[in-house]
Amino acid sequence: MITGGKSFVTAPPAFSNDAKKLLICTGNTVSIFSTSTALQITELEGHTAALTSVIVVPATTPAGKILCYCWTASLDGTIRYWDFSVPESIKTIDIRFPIHSMVIPGLLGKPSGSNKKPLDLFAYVSAEAANKQKKEPTVSDGQVKKKQRNALGGQILKCNLTESHLVAGATLAETPKPEFITISPSGEYIGIQEKRKLRIWEVPGKDSERASYRKIRLHHTKSFTALAFHPTERIVAAGDTTGRILIWRGFGNRTFSAGVVMDEDERPGVREDDDADSCTTWHWHSAEVKVLFFSADGAYLYSGGREGVLVVWQLDTGKKKFLPRIGSTVFYLTSSPDPSLSSISCADNRVHLLQMPSMEIMKSISGIKLPGSVPELMKGPCSNLVFDNAAGLIAIPSESYCIQVFSLFDDREITEVQVCERNHQPGDEVTVVLNLVSLSLDGSLMSTVETRLSEEGIGGLVSLKFWARASQSKDFSLSTIVYEPHRDAGVSGFAFHPTRRMAVSSSTGGEFKIWVSDYKIQQRYQNTGWTCHAVGSYKKKPMTAVAFSFDGSVLAVAAAMVITLWDPEKNVLVAVIGESLEPIVSLSFIGKSEYLVSASRGSSPQLSVWSMSKLSASWSYKLHTEAVACTSDDSSFAVLALLPKSTKLEDSSESILHDVDGSILIFNVGDPVPVATWFVRKAKGGGLAFIHMNPGLSANDTSDGKPAEVLLAYINGDHEYVLFHPHGEQASKHAVTHRERHTELEDSAGRYGYASIYGELPEYKLKEDETPKAPLVPSGRPWETIFSGSSHNLPPLPKLCSVFLESLLERRTTVVE
Amino acid sequence: MAEESDQQTTMPKSFPVKPKLKPTSRKSTTTPESKYWRSFKSPDPQNPKTLISSITSLSFSPAAPHDFAATHSATVSIFSAATLEHKSTLSAFTDTATSASYRSDGRLLAAGSYSGKIQVFDLKTRSILRHLRSHTRPVHFVKYPLADKLHLYSGGDDSIVKYWDVATETVVSDLIGHKDYVRCGDGCPASDDMFVTGSYDHGIRVWDVRVSRTSSVMEVNHGKPVEDVIYLPSGGLIATAGGNTVKIWDVIGGGRLVHSMESHNKTVTSICVGKVGREGGEGGEENRVLSVSLDGYMKVFDYSRFKITHSMRFPTALLSIAFSPDSSTRVIGSSNGVLYAGKRSVKENVGSEVAEETKKQALRPSYFRYFHRSQNEKPSEGDYLVMRKKKVKLTGHDKLLKKFRHKEALVSALRGKNPENVVAVMEELVARKKLLKCVQNLETEEELGLLLGFLQRYTTVPRYAGLLIGFSKKVVEMRAEDFSASEALRVHIRNLKRAVEEEVRIQQSLQEIQGIISPLLRIAGRR
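Just so you know, the protein sequences line up as chains A and B, in that order. FYI, the numbering for the first sequence is 1 to 817, going by the numbering used here. FYI, the numbering for the second sequence is 1001 to 1527, going by the numbering used here.
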């Protein structure tokens, strides 16, 4: 079983101490990427629900840079402590509430005095509210009030990480929904933004279970969306939904440090009795500010939002610099211990690694494109995800007018095709939509349909584009553009001929067109592409779906309720079959059998199987079908069906089938009883396909001697996918393992600087690079080895000294315990 | 690894607003060959050189400057090949001059005339050196052999082909065989003693003055009165023109018809051999048959592939064509005396000039140029160039669109006068849902006038009509009050109205035609 397609941008990522690794929360796991190659190194697996926070334990000493420990928090209610170099889980703390955000101020503070006993480590977590039973005793009011209380979401709780329990009675705040906690870089303050106010707490310097908190609130007239603390001074910046950035200087002078209370009149911009010296407002963003971040020296403030532009403000002067054209909403900005490296996470599921002072994008870690917000009327009738069955690829249209080609086996982006050359516009409405993509059977041809919506009836345009890929390259190149292929009407379906260079498009305007590309002509003239070969229509009915039979001899076109069969060569109507209740939205021939499966939606949805030899319906179900996938050779097919809302299924086994809304059914053509059934979540907008597992690609399958295995790929509405054996049992799941995709960290790193010019220095460099690989393995007697060798080979003394002393200290502690 | 890192690094891109692509027809794709033939450019294409009457023949000098002679009325005009300018005139004819032919060294020129007399001129002094009198009827073809400087052959309306000794002004032999006017002929490139003639009796005869004095070596029948015949450079093939066909014959293979090219619509009047050179000279030259016809077309025929590779239209009936031996000039003469001369710019041979490199003095610090030395150094061949990143060039409206100044962008595009750009900007504004807002924001009369002027001109152009018709309607609805207030705008509106009425009229007549055609098509489809 292969899973993948996780979102990289649900939570802010974290850099390791040596800035060579980036820890990204991907679903239930933490994926660790190399910053030099942007490839995945390893994964931390263990949580059972989505991760929400990852915090790397920072190094306090230079020698500690090789330490690879991190804390993670997840929605499954646990906090885990990991050594991510090995990788293994060291400690698990179960607090039983889904955690939405976690900060650990104790890690950031200055190292406490050496003579004292180490203090307990405390974490502040934003957890989802306690469940019903626990809440009820606190509620003393009537029934109405109780209801409201139950709806309440978030609580800021305190957790003793050293002793692995929640601190009783230390609930800092209750909020309507779980909020994201922001911590100041010094670890002195934590804050949340709650609607129109900021709540800031001072974390006591010597934190203990019974510490008391001093807190302030800052008010504004708009809802806050982002918050950041200055690393050294008492400055807090917050962004609101209108794109304004408010900066309070000297917040909490009264409360936190009992400073001189300034005169009421001399606090410009501060609302009423808020505790701050001054408040200034900057306004550049046109939409809400998503990210605010102070640079490590505190001289600059970074802000980003829906525009896809990273703005750098000089804090003293308010002067701006920009990193434009990021292409989508910026979610998080993370700085690394290496001052020249930081990362931004974008809404298109991409993490860009930035070279810092110049703000150049060095590398991008791209995940699968997340489903965009497509206007309802433009949604294609079929699922908009297309699979390349042979190569295990999926083509996904994205919001930035691109088609992303994503490898399901490798969980990696293969290429990206810019379909429509338009810049990212931070508008409210989507006006240019990629609404149809299709790939030919061998994956060498692609067609896309994009629609520009009209403005009050003028200027709408549908364009059909044909793309071709050379046999060896992975990039598609544009071959033909057809403007308005079906006059004003939109394109409802598209299919490529399985063997020849022929394609068919159907339109709601009541016609379908057969397109051909003459290969011989194409060789002679470079510019020749696809031309219209024939046009057909049936009683002026809107054509809603098309499909070619496996050998391409029959073309099936759904004309609203009926299915018409055509000879694609001569463009002659062969037969008309069927009558469904609703317009058919998807058609496919089942392998090499004589059956055709059609699906219709609407108030009376239907899934029907038609026999071509009898020209009549074989059997049908009343199912709301989301996607249909057919195997290429045998006579089974899979259906992704949405479960109706009224189903009683969930009551019977509520605990297991939590928020299940769809099911995958596998049928044999002759038999209306499904062969296999799975229940899935988030089926709306999902896709389904049979993928051929190429035996040459996975080494451990060759021993089985099977020809080519067929896997079923299911991708849900959030573009998370899973590949599994449709007919196999549990046992065979093990046969399908991840292809070796974890690359080594060091080897593939590009050479730079000195090494790029003069080549590697053999001895010295390698020794330094290898150290992170074996962290904290207390070798018996390091002092015996580190000084060995000739003196000119030895590393400089400061380097050796720390290692030597460290090893001594290490030994001492082990002896004590 | 380097590739992969390139692929992973997605640098921010910016796309300028681009107009829609135009459809390209398959025919208009320019092959390198048609590009080559089109590169023969006339120095003044608007007013080509006009001579007194129809140009009966054209011929190039085989010697170096490759001047060419055109016969028209009773004169032979000599033109310079370098400038295509008129150089001198030979006008010692009593009747229409025909068929000028250069001797192999390019110093003498022979020409026939309707009087039956053949004259040989010295080109330097323009004096007549010899009069060859024997033909009793108009002479239509006079030709020097390829290398022989002493003999000539000629043919005329008396259907006799004569072989002359020029020095003594005597006929060496009368070659009798043709039964009608002899109109054309050509010497064999392989032998000076063989030549071919074509006649209006449809026959083409190959003569060899060595073996038979009276009858031809070979005879083939073209099927139509033969207007022109040439040897192809190999000497084994001949091309004949007659009627609207050009035929290729294999002479060595016993007069076998190799191919018949029927592409012209009217009589082919003249053919010649042209050469297609590859760019830069490598790959050698290929020969083509160039033919001109009364239908006004010049066609280029690739006789190795039996394919027309280029065709070119001229406004009048064409009578003669010639192609210079150095393949730099192509001249075509027409029936109304217009000379279509085309010259191709041939790149100078650089290799010869390198030798003349002057020795440079070493620069000294006392000299100003010392401080600028080698700043204009061009990279030599093996150098690795560090390329500067290409800057995306943005037009004015792109810059304004980037700043979201939509109205200014529209106005800037309208000022740009390129309708494609204007429509592209409008489409981009539609995609941003700001087009109508822009119209509302157009303030001054001048801006509105610009927009209306544009709409009036392009609303009915089919490529833009889809967008502009709806848009014009909206504009008129939205700004009706402003239009009534201003006189200048009212004029624009009136023009727009006229354009729309015109379009309506066109559409109606098109519908009428459709009404006529569609029943016919239906009937045709039923069969």
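Keep in mind the hints are simulated off the structure, nothing from the lab. One or more of the hints may lead you astray.
Pulled from the structure, derived: some chain B residues nowhere near chain A, Cβ distances all over 10 Å [said to hold, decoys possible]:
#1 S1014
#2 S1073
#3 D1174
#4 V1209
#5 N1221
#6 S1234
#7 G1255
#8 K1307
#9 R1364
#10 E1427
#11 L1429
#12 A1431
#13 K1433
#14 R1490
#15 Q1507
#16 Q1511
Calculated pairs, DSS-like style, for lysine-lysine (alpha carbon to alpha carbon, straight line, at most 30 Å) [to be verified]:
#17 B/K1433 to B/K1378
#18 B/K1266 to B/K1022
#19 B/K1391 to A/K320
#20 B/K1403 to A/K319
#21 B/K1402 to A/K319
#22 B/K1378 to B/K1022
#23 A/K177 to A/K684
#24 B/K1022 to A/K321
#25 B/K1434 to A/K320
A short, non-exhaustive set of chain B residues, derived as facing chain A with CB atoms under 10 Å [as the list claims (entries may be wrong)]:
#26 F1015
#27 L1021
#28 K1402
#29 R1405
#30 E1428
#31 V1430
#32 L1435
#33 L1436
#34 V1461
#35 P1462
#36 G1466
#37 L1467
Please read these numbers as outputs of a predicted model, since none were measured by experiment. We put the CB at the ideal spot given by N, CA and C, even for glycine.
Each hint tested on the structure:
The Cβ of B/S1014 does not lie farther than 10 Å from every Cβ of chain A; its closest approach is about 6 Å, which violates its non-interface assignment. Against chain A, the non-interface label of B/S1073 holds: every CB pair exceeds 10 Å, the least being about 46 Å. The claim that B/D1174 lies off the interface holds: its Cβ sits roughly 53 Å from the closest Cβ of chain A, which is beyond the 10 Å cut-off. Every C-beta of chain A lies more than 10 Å from that of B/V1209, the closest at about 47 Å, which supports listing it as non-interface.
With a closest Cβ-Cβ approach of about 37 Å to chain A, B/N1221 is found to remain outside the 10 Å limit, as its non-interface label requires. Once the 10 Å rule is applied to beta carbons, B/S1234 is consistent with being away from chain A; the minimum gap is 28 Å. Taking the minimum C-beta to C-beta distance to chain A, about 35 Å, the non-interface status of B/G1255 holds against the 10 Å cut. Distance check on B/K1307: its Cβ is at least 12 Å (rounded) from any Cβ of chain A, clearing the 10 Å threshold; non-interface status holds.
The claim that B/R1364 lies off the interface holds: its Cβ sits roughly 36 Å from the closest Cβ of chain A, which is beyond the 10 Å cut-off. Its beta-carbon lying about 6 Å from the closest one in chain A, B/E1427 breaks the requirement of being farther than 10 Å from that chain. At roughly 8 Å from the closest C-beta of chain A, the C-beta of B/L1429 falls inside 10 Å, breaking its exclusion from the interface. The beta carbon of B/A1431 sits about 5 Å from the closest Cβ of chain A, which is not more than 10 Å, so the claim that it is off the interface is violated.
With a cut of 10 Å on Cβ distances, B/K1433 falls inside the contact zone with chain A, its closest approach being about 5 Å. At roughly 24 Å from the closest C-beta of chain A, the C-beta of B/R1490 stays outside 10 Å, upholding its exclusion from the interface. A cut-off of 10 Å between C-beta atoms confirms that B/Q1507 is not in contact with chain A; the least separation is 16 Å. With 10 Å as the threshold on Cβ separation, the claim that B/Q1511 sits away from chain A holds: the shortest Cβ distance comes to roughly 17 Å.
As the CA atoms of B/K1433 and B/K1378 are separated by approximately 50 Å, the hinted pair breaks the 30 Å bound. With a C-alpha separation of about 35 Å, the suggested pair B/K1266 and B/K1022 falls outside the 30 Å cut-off, and the hint is violated. Taking the CA atoms of B/K1391 and A/K320, the gap is about 23 Å. The hint holds against a cut of 30 Å. Taking the CA atoms of B/K1403 and A/K319, the gap is about 18 Å. The hint holds against a cut of 30 Å.
Between B/K1402 and A/K319 the CA atoms are separated by roughly 20 Å; this keeps the pair inside 30 Å, and the hint holds. Note on B/K1378 and B/K1022: the hinted pairing is violated, with a Cα-Cα distance of about 39 Å set against a maximum of 30 Å. Annotation: proposed proximity of A/K177 to A/K684 holds, straight-line Cα distance about 26 Å (limit 30 Å). A threshold of 30 Å between alpha carbons decides the hint, and for B/K1022 with A/K321 the separation of about 40 Å lies outside it, so the pair is violated.
Our distance criterion of 30 Å between C-alpha atoms is met by B/K1434 and A/K320, whose separation comes to about 28 Å. For the restraint placing B/F1015 at the interface with chain A, the shortest Cβ-Cβ distance is roughly 4 Å, inside the 10 Å limit, so the hint holds. Taking 10 Å as the C-beta cut-off, the interface hint given for B/L1021 holds, the closest approach to chain A being about 6 Å. Because the smallest distance between the Cβ of B/K1402 and any Cβ of chain A comes to about 8 Å, under 10 Å, the interface hint for this residue holds.
The closest approach between the C-beta of B/R1405 and any C-beta of chain A is roughly 14 Å, which is over the 10 Å cut-off, so the hint fails. The beta carbon of B/E1428 is positioned within 10 Å of a beta carbon in chain A (closest approach about 8 Å), and the interface hint is therefore held. Hint on B/V1430 holds. Least Cβ distance to chain A is approximately 3 Å, under the 10 Å limit. For B/L1435, the interface hint holds, since its Cβ comes within 10 Å of a Cβ in chain A; the closest pair sits about 6 Å apart.
Here the hint on B/L1436 is kept, as its CB sits about 6 Å from the closest CB of chain A, short of 10 Å. Checking B/V1461 against chain A by beta carbon gives a least distance of about 15 Å; that is not within 10 Å, so the hint is violated. Here the hint on B/P1462 is broken, as its CB sits about 12 Å from the closest CB of chain A, past 10 Å. The criterion of a C-beta within 10 Å of any C-beta in chain A is met by B/G1466, whose closest approach is roughly 8 Å, and the hint holds.
Annotation: B/L1467 was flagged as interfacial toward chain A, and the flag holds, the nearest CB pair being 5 Å apart, inside 10 Å.
Violated hints, listed in ascending order, are 1, 10, 11, 12, 13, 17, 18, 22, 24, 29, 34, 35; each of the other numbered hints is respected by the structure.
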